[in-house]
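With chain A fixed as given, assemble chain B with the ligands onto it according to the hints.
Each protein sequence line maps, in turn, to chains A and B.
Quick note on the numbering used here: the first sequence kicks off at 128 and runs consecutively.
Quick note on the numbering used here: the second sequence kicks off at 58 and runs consecutively.
For the record, the hints were derived by calculation from the structure and aren't laboratory data.
Cβ atoms here follow ideal geometry from the backbone N, Cα and C, with glycine treated the same way.
Heads up, a few of these hints could be off.
What the hints assert, rightly or not - If you anchor each label on the Cβ, the simulated ranges turn out as follows: (1) A/V145 x B/L230: 55 to 65 Å; (2) B/R372 x A/E144: 39 to 49 Å; (3) A/V238 x B/W349: 28 to 38 Å.
Stated by the list, open to error - Straight line, CA to CA, 20 Å or less: simulated DMTMM-like cross-link-like pairs of lysine to aspartate or glutamate: (4) B/K76 x A/E212; (5) B/K143 x A/D258; (6) A/K263 x B/D71; (7) A/K260 x B/E374; (8) B/K67 x A/E212; (9) B/K76 x A/E144; (10) B/K67 x A/D219; (11) B/K143 x A/E241; (12) B/K232 x A/E212; (13) B/K233 x A/E218; (14) B/K67 x A/E224; (15) B/K67 x A/E218; (16) A/K223 x A/E241; (17) A/K198 x B/E374; (18) A/K341 x A/E218; (19) B/K76 x A/E241; (20) B/K67 x A/E262; (21) B/K67 x A/E241; (22) B/K143 x A/E262; (23) A/K255 x A/E212; (24) B/K232 x A/D227; (25) B/K67 x A/E301; (26) B/K76 x A/D219; (27) B/K143 x A/E224; (28) B/K143 x A/D281.
What the hints assert, rightly or not - Computed far set for chain A versus chain B, every beta-carbon distance over 10 Å: (29) A207; (30) C209; (31) P211; (32) Q231; (33) L232; (34) R303; (35) E349; (36) M420.
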Amino acid sequence: MPERIIQTSGLTKIYGEVTAVDQLNLEVNEGEIFGFLGPNGSGKTTTILMLMGLTTPTSGTGRVGGYDIIKNSRDVRRIAGCLPEAAGYYEDLTAKENLDYFGQLADLPRVKREKRVNELLEFVGLGKWRDVKVEKFSRGMKQRLGIAQALIKDPKIIFLDEPTIGLDPQGTKEVRDLILRLNREQKLTVFLSSHLLHEVQQTCSRVGIIRQGKLIATDTIENLSRGIAKEEGYCVEFELDKVTRRLIEEIKTVKGVTSVEEEGGKLLVYMERDNRADVSRAITKYGATILLMKPREYTLEEIFLRYYKGAG
Amino acid sequence: MAGMMTVFRKELSDHLGSKRFLILFAIIILLSTLSAYQGADYIKNNPDAGFLAIFSGGRLAFSFISLMVYFGPLVGLALGFDSINKERTSGSLSVLLTYPIFRDSVFNGKFLAGVAAIASLVGGTIVIMCGVATPLLGFGPTLEQMVSIVALTLLTILYLAFWLSLGLLFSVLAKKTSTSMLASIATWLFSVMIVSVIAALVASLMVPLPFQPLGAPENFRGFGQATQTEEYRSLMQARSEIQTNIGRISPSNLYNEAASSILGLRASAFFVVGGMQQQIRPSLAQGIAASWPQVLAIFVGMLACFVISYLRFLRLEIRPGG
Ligand SMILES: Nc1ncnc2c1ncn2[C@@H]1O[C@H](COP(=O)(O)OP(=O)(O)O)[C@@H](O)[C@H]1O
Ligand SMILES: [Mg+2]
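Only chain A is shown next, with the shape it has when bound in the complex:
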């Protein structure tokens, strides 16, 4: 049983008429990269703000690293680092001065602080820029500075709110690599919010999908994919040396096959249950050769859209 580092129950935030976060029950395990996926305005930022104690929940409770997010919010902020949405820094201070200030706020003693600031600047690849004012930094550099900032308190968990938004592909890759390295090398738990499917797919071990403030699914990407497969029936992708209309008709007569689709030279065969043996026999009997056969995987995009429509 893995340790739960985040646990919320019935967490709710209402702004006037708008329910930004609605009865959220969230569980995040220690050591994982958790992707918090949802479109703009679905309540991701509000959730992070509540977990970090920057805004008070209307109702519900939660714990981060064992500390109550309302009663012990300061303890939460001691062990959790955060790169908030649209984060900014002190433009007329250098990268080093910025980090040093945050180190002071995190109560690091001077010697330890100096060492940590230098290490982190190296880690995020800003070593050469340490004495340059932040106003000269590109967005990507600022975002890496933000990650260094989130790490300065040597946290147990970091919250990253849409960390690659507005970055170019190069900047995006740098940030993604940093996240993966942190998780791999330091076993750091990462809570990453995003509205970008591929970003979550590339980094996260588990995802929670949020829509209009409600958590509509939480699982690993494979499990979510499998869940859809169950609903959609079983689907196998075949690559053959030749495809003819007669062959397709032939496959359709196999017991259990519901439909056959041709997609970019490949055949997608839908069946009620796994009946690959009979299908491949029919194909060989017809005289065609199977070059490749594999169960169809769903892209996160398809999963995502399905959950969005499904919950509609």
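Just chain B with the ligands, lined up with the frame of chain A:
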């Protein structure tokens, strides 16, 4: 108190290194030094004026006090008007608040750093003025005068701190720094100019004079005589009282009155002996006592701005970009 000293140190070093502050500091030091020269000159020619006259000026149109009346608000406002909203829009405030500090530490740290910057400006200026005047005069302030100087320093710091807390209030209420800057300029103009104009206008409407002072030269003769009457004098007295009272809604006027009292420039009814206004200089204690109501009013104003902005800040929805 967690984090307050950290915020304080950073904000103070920001202030002391900022162009905005250094420019204002330079202007004030320059003009104050000039006024100290002029003041020393004046004292040489008027031996009974006393050392404190270097602050109230000689023949120059400005003195340390008038300088503070007019420029002081700009210093306070400049240190405060974008303190919170600039960090809100840039997003550094939301980063700051993810640290294990109390939210009020941020506000208190900023306020105290502003006060410390103000104190160094006021204290520095006054020390330089004394340093310029003493060798010129060949004598320094007496012990009693030194206490007056300290009282004047504290009063000036309080007056500037009032404007600082007003600036902070604007920076909490307005999301955009351009809005809070405009509000700051408006209140500054209101305090140093508009109130006096309004006060004069209201006084002349409330106490009309029985005749038009302007007209043909023969009327002028009559005018001269008319101003000698007891009735005319009491009307003018009433006018000036109304004007003074209305003027007191302006912190600048309050400061001016209090500073004059401390420097012993304000003759009050206290010193009218046997129907004759005596040219007795009020004592230090009397001066300080006379300045008390104005000091209290400025202090209450500062406290009100501080408390309102403090409470607003604690409830502020800290969302990046607004
Ligand atoms: N201060 C606020 N006042 C009113 N509504 C707000 C406020 N902040 C956020 N909201 C609303 O809450 C919802 C969730 O916003 P947010 O958490 O920022 O979403 P996300 O981060 O997923 O884009 C949105 O509908 C937004 O309009
Ligand atoms: Mg958001």
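Quick rundown of the hints versus the structure:
Here the CB-CB span from A/V145 to B/L230 is close to 23 Å, at odds with the stated 55 to 65 Å. For B/R372 and A/E144, the Cβ-Cβ distance of about 19 Å falls outside the hinted range of 39 to 49 Å, so the restraint is violated. A beta carbon spacing of about 51 Å between A/V238 and B/W349 contradicts the range 28 to 38 Å that was offered as a hint. With a CA separation close to 30 Å, the supplied pair B/K76 and A/E212 exceeds the 20 Å bound.
Straight-line distance between C-alpha atoms of B/K143 and A/D258 comes to about 23 Å, which puts the hinted pair past the 20 Å bound. Of the pairs offered as hints, the one joining A/K263 and B/D71 holds, with about 18 Å between alpha carbons and a cut-off of 20 Å not exceeded. Of the pairs offered as hints, the one joining A/K260 and B/E374 is violated, with about 29 Å between alpha carbons and a cut-off of 20 Å exceeded. For a cut-off of 20 Å, the pair hint linking B/K67 to A/E212 is broken: about 24 Å separates their Cα positions.
Note on B/K76 and A/E144: the hinted pairing is violated, with a Cα-Cα distance of about 45 Å set against a maximum of 20 Å. A C-alpha spacing of about 12 Å is found between B/K67 and A/D219, which places the hinted pair at or below 20 Å, so the restraint holds. Proposed proximity of B/K143 and A/E241 is contradicted: the alpha carbons are some 28 Å apart, above 20 Å. Restraint check for B/K232 and A/E212: the C-alpha separation of about 18 Å stays at or below 20 Å, so the hint holds.
Between B/K233 and A/E218 the CA atoms are separated by roughly 18 Å; this keeps the pair inside 20 Å, and the hint holds. Restraint check for B/K67 and A/E224: satisfied, since their Cα atoms lie roughly 10 Å apart, inside the 20 Å limit. Under the criterion of a C-alpha separation no larger than 20 Å, the hint pairing B/K67 with A/E218 is consistent with the structure, at around 14 Å. For a cut-off of 20 Å, the pair hint linking A/K223 to A/E241 stands: about 9 Å separates their Cα positions.
For the hint linking A/K198 to B/E374, the alpha-carbon distance of about 19 Å falls within 20 Å, and the restraint holds. Restraint check: the Cα-Cα separation between A/K341 and A/E218 comes to about 37 Å, which exceeds 20 Å; the hinted pair is violated. Between B/K76 and A/E241, the direct Cα distance comes to roughly 28 Å. Violation of the 20 Å bound is thereby established for this hinted pair. Note on B/K67 and A/E262: the hinted pairing holds, with a Cα-Cα distance of about 18 Å set against a maximum of 20 Å.
For the given pair, B/K67 sits about 17 Å from A/E241 by alpha-carbon distance, which is consistent with the 20 Å threshold. Simply put, B/K143 and A/E262 have alpha-carbon atoms about 14 Å apart, close enough for the 20 Å limit, and the pair holds. For a cut-off of 20 Å, the pair hint linking A/K255 to A/E212 is broken: about 26 Å separates their Cα positions. For the proposed pair B/K232 and A/D227, the alpha carbon gap of about 28 Å is over 20 Å, so the pair is violated.
Restraint check: the Cα-Cα separation between B/K67 and A/E301 comes to about 31 Å, which exceeds 20 Å; the hinted pair is violated. Between B/K76 and A/D219, the direct Cα distance comes to roughly 12 Å. Compliance with the 20 Å bound is thereby established for this hinted pair. The straight-line distance between the Cα atoms of B/K143 and A/E224 is roughly 19 Å, inside the 20 Å bound, and the hint therefore holds. In summary, the hint linking B/K143 to A/D281 is not supported, as the alpha carbons are separated by about 28 Å, beyond the 20 Å threshold.
For A/A207, the shortest C-beta to C-beta distance to chain B comes to about 8 Å, within the 10 Å cut-off, and the non-interface label is violated. Annotated as non-interface, A/C209 brings its C-beta within 10 Å of a C-beta of chain B; the closest such distance is 4 Å. Its closest Cβ contact with chain B, about 4 Å, brings A/P211 to no more than 10 Å, contrary to its assignment away from the interface. Here A/Q231 does not stay apart from chain B, with its beta-carbon only about 5 Å from theirs, under the 10 Å limit.
A Cβ of chain B approaches the Cβ of A/L232 within 10 Å, the least distance being about 4 Å, so the stated non-interface status is violated. Listed as a non-interface residue, A/R303 keeps its Cβ farther than 10 Å from every Cβ of chain B; the least gap is roughly 21 Å. No Cβ of chain B comes within 10 Å of the Cβ of A/E349; the nearest lies about 33 Å off, and the non-interface call holds. No Cβ of chain B approaches the Cβ of A/M420 within 10 Å, the least distance being about 49 Å, so the stated non-interface status holds.
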